[in-house]
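Chemist: Listed below are the residues making up each chain.
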Amino acid sequence: MNALKTGVNRQTALQFLLVAVVGFSLPAFSSDKAPGAGKWRVVNYWSEWCAPCRIEIPMLNALGQELSAQGVAVVGVNFDEDPRALTLEIAEELEIEFPVLTNEEVARLGLRPPDVLPTTYLLSPDGEVVAKLIGMQTDAEIREQLVMKGALFDEDGD
Amino acid sequence: MKDAVKERAILRPLISEASTAKYGAIPGACRRLLAGVVSAWVLLTPAHAADVELLPSPAAKNSSLSRVVSDKSGNLYLSWVTQTEGSASLYYSTLNETRWSEPQLVSQGEDWFINWADFPVLSVSAENKAAHWLRMSAEGSYDYDIDARFYDAQTDSWSDTITPHKDGVSAEHGFVSMLPVGNGNTLMSWLDGRNTKTEAGYGEMTLRAGIFSARGETLSEWELDARVCDCCQTGAAMSAAGPVIVYRDRSGGEIRDIYITRYANGDWTPPVAIHDDQWEIAGCPVNGPSVAAQGDFVAVGWFTAKDDSPKVQLAVSTDSGEHFSAPIRVSGPDTIGRIDTAILANGQVAVSWLDTSDEAAQLTVSRFSAGGSLIDTTVVARTSASRRSGFPIMETIGDDLFVTWTDISEGPEVRVARVDFASP
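Protein sequence lines correspond, in order, to chains A and B.
Each residue of the first sequence is one higher than the one before, starting from -18 at the first, in this note's numbering.
Each residue of the second sequence is one higher than the one before, starting from 5 at the first, in this note's numbering.
Just so you know, the hints here were simulated from the structure itself, not pulled from any lab data.
No residue lacks a Cβ here, since even glycine has one placed at the ideal position from N, Cα and C.
Mixed in with the good hints there might be a few duds.
[Claimed, not checked] Here are the in silico distance ranges between beta carbons for each label pair:
(1) A/131 with B/274: 46 to 52 Å
(2) A/130 with B/299: 52 to 58 Å
(3) B/373 with A/69: 47 to 53 Å
(4) A/42 with B/60: 33 to 39 Å
(5) A/74 with B/300: 28 to 34 Å
(6) A/88 with B/89: 26 to 32 Å
(7) A/46 with B/270: 53 to 59 Å
(8) B/158 with A/119: 56 to 62 Å
(9) A/74 with B/207: 18 to 24 Å
(10) B/142 with A/125: 35 to 41 Å
(11) A/66 with B/112: 21 to 27 Å
(12) B/270 with A/130: 54 to 60 Å
[As the list claims (entries may be wrong)] List time: in silico EDC-like cross-link candidates among lysine to aspartate or glutamate, alpha-carbon distance up to 16 Å:
(13) A/113 with B/311
(14) B/310 with B/281
(15) B/65 with B/89
(16) B/315 with B/281
(17) B/170 with B/225
(18) A/113 with B/312
Please construct the entire structure, taking both the sequences and the accompanying hints into account.
Modeler: Below is the structure:
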């Protein structure tokens, strides 16, 4: 779990350094130009050969569209770390409509590669891992986690 | 019905021969306490690291997916895949003293399914060889078939390419294990997705096996399990009582523990769990078990991560896989698995796995006594945790241990090392 936090700690340290040197913090500051950076992120690890991953994709496509207006981005990670062109080719074949991160963008997240596919991380706007959802998820399960972590309002008012 | 057959037939743990010899019968609570103390001691005690000798590799640059295997005469074979623009080739070479033979081409194709976790196997015996690779079968990028060729030493020729599964269904077929079974025949086991393509959606992955002649003829074929994990390697070994196959099961409740089936009295035994890990996941761990055998002694290593707590475990059997010891913890919690298991001529067991440290990984081998006591732990190489670094594979010749893996630091390159356990 320490490895999981490495990237987060580095980013946090950079922000502390910025506050110390410049004297103020830039809330929206981020050198990360990756899709969804600065937003709540649903980071889904998939692979072309992972059947439950393929089953999840239509749900994640819809979730990404529905939540974009609420400041939540759905992004994908090709677990196999294929070259970029191949990853995009596979993503098209799998009809993935949400952005797929580059290997460099994935490395900056500092996440421990999942032990199981699919795995979906929920990241806060400052990149902190707030939930790790192992195995195939439903739309309701992801939304429930986002509500619990404060990324979404509970529409039912519960 | 499947679950009824399995009926959670968890094997009774054996008390290790070492502990019974030393302590006799121990009450349950004391035994658990003792086991905890011993486990802590095993994990915390600094261990001697064996010497590692990096050998030259016969594989060209841009090669990966390597394996080592040996025949009964003590010849070491290295197989690998070399990729060039739009093409992939499967080669092997043999080690003569310190020199590798000229690489021999088994097959080449432009429609292969190349995957870091599911890759070609070379099986060798004194008279024969067999090898497989994966070929894309249809427009779906995840539909692929198994292709195989068999080398007959009597005719000094490779057979035509055959597809061991005869279903004709465009689906996933892979994660092959192979084993020479005598008379020039080869046992193959594989994950077979013929039942995954249903009108109702994705169906169940099956485990199948067959015996094939040196000419590639199907002599026997079986469905061994009608519902298994979709994406984990299988393992096979020859015990004194016959072949055993290990794999990751998938219960109706999504428990994905390691199971074994044995060929005994002319048929395969109903699959049973090596240990009741109770790892429940509706997903793919991509971390299959491995098995090695020497006479009646069988060792199985595997990765599990119940409660998101990763660890590698080892269990041993002294009755050809009918009963297993309680699991021995090999590593955790920083392991990402990718394990292999081998037995040295002196009966000691080696387990390899990848441990993560920051953004790097360590290819690590721990050696255990036949009774399951840790002898030493050796870091064979520092490598990458990336999937492109693949699954390291081990083989023993006598008391020498050979390890191969893919180094991606300067493009994929095959590495081979000998671990010298004899040095003080």
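Chemist: If a hint holds in the structure, say so; if it does not, say that too.
Modeler: Here's how the hints hold up against the structure:
With their beta carbons about 50 Å apart, residue 131 of chain A and residue 274 of chain B fall inside the hinted range of 46 to 52 Å. At about 55 Å, the beta-carbon gap between residue 130 of chain A and residue 299 of chain B stays in the expected band of 52 to 58 Å. Between residue 373 of chain B and residue 69 of chain A the C-beta distance comes to about 51 Å, which sits within the given range of 47 to 53 Å. Separation of residue 42 of chain A from residue 60 of chain B is about 49 Å and departs from the stated range, judged on CB atoms against 33 to 39 Å.
A beta carbon spacing of about 48 Å between residue 74 of chain A and residue 300 of chain B contradicts the range 28 to 34 Å that was offered as a hint. Look at residue 88 of chain A against residue 89 of chain B: about 27 Å separates their beta carbons, and that is inside 26 to 32 Å. Range check, residue 46 of chain A to residue 270 of chain B: about 58 Å between beta-carbon atoms, so the 53 to 59 Å window is met. Range check, residue 158 of chain B to residue 119 of chain A: Cβ separation about 58 Å, and the 56 to 62 Å hint holds.
In this structure the supplied range 18 to 24 Å holds for residue 74 of chain A paired with residue 207 of chain B, their Cβ-Cβ distance being about 21 Å. Taking the beta carbon of each, residue 142 of chain B and residue 125 of chain A are about 38 Å apart, inside 35 to 41 Å as hinted. The hinted range of 21 to 27 Å is satisfied by residue 66 of chain A and residue 112 of chain B, whose Cβ atoms lie roughly 23 Å apart. Range check, residue 270 of chain B to residue 130 of chain A: about 57 Å between beta-carbon atoms, so the 54 to 60 Å window is met.
With a CA separation close to 12 Å, the supplied pair residue 113 of chain A and residue 311 of chain B stays within the 16 Å bound. Note on residue 310 of chain B and residue 281 of chain B: the hinted pairing holds, with a Cα-Cα distance of about 7 Å set against a maximum of 16 Å. Of the supplied pair hints, the one linking residue 65 of chain B and residue 89 of chain B holds, its CA atoms being roughly 13 Å apart against a limit of 16 Å. About 11 Å separates the Cα atoms of residue 315 of chain B and residue 281 of chain B, which keeps this hinted pair within 16 Å; it holds.
Between residue 170 of chain B and residue 225 of chain B the alpha-carbon distance is near 10 Å, which keeps this suggested pair within the 16 Å criterion. Distance check on the hinted pair: residue 113 of chain A and residue 312 of chain B sit about 9 Å apart at the alpha-carbon level, within 16 Å; holds.
In this structure, the earlier hints numbered 4 and 5 are contradicted, and the remaining ones agree with it.
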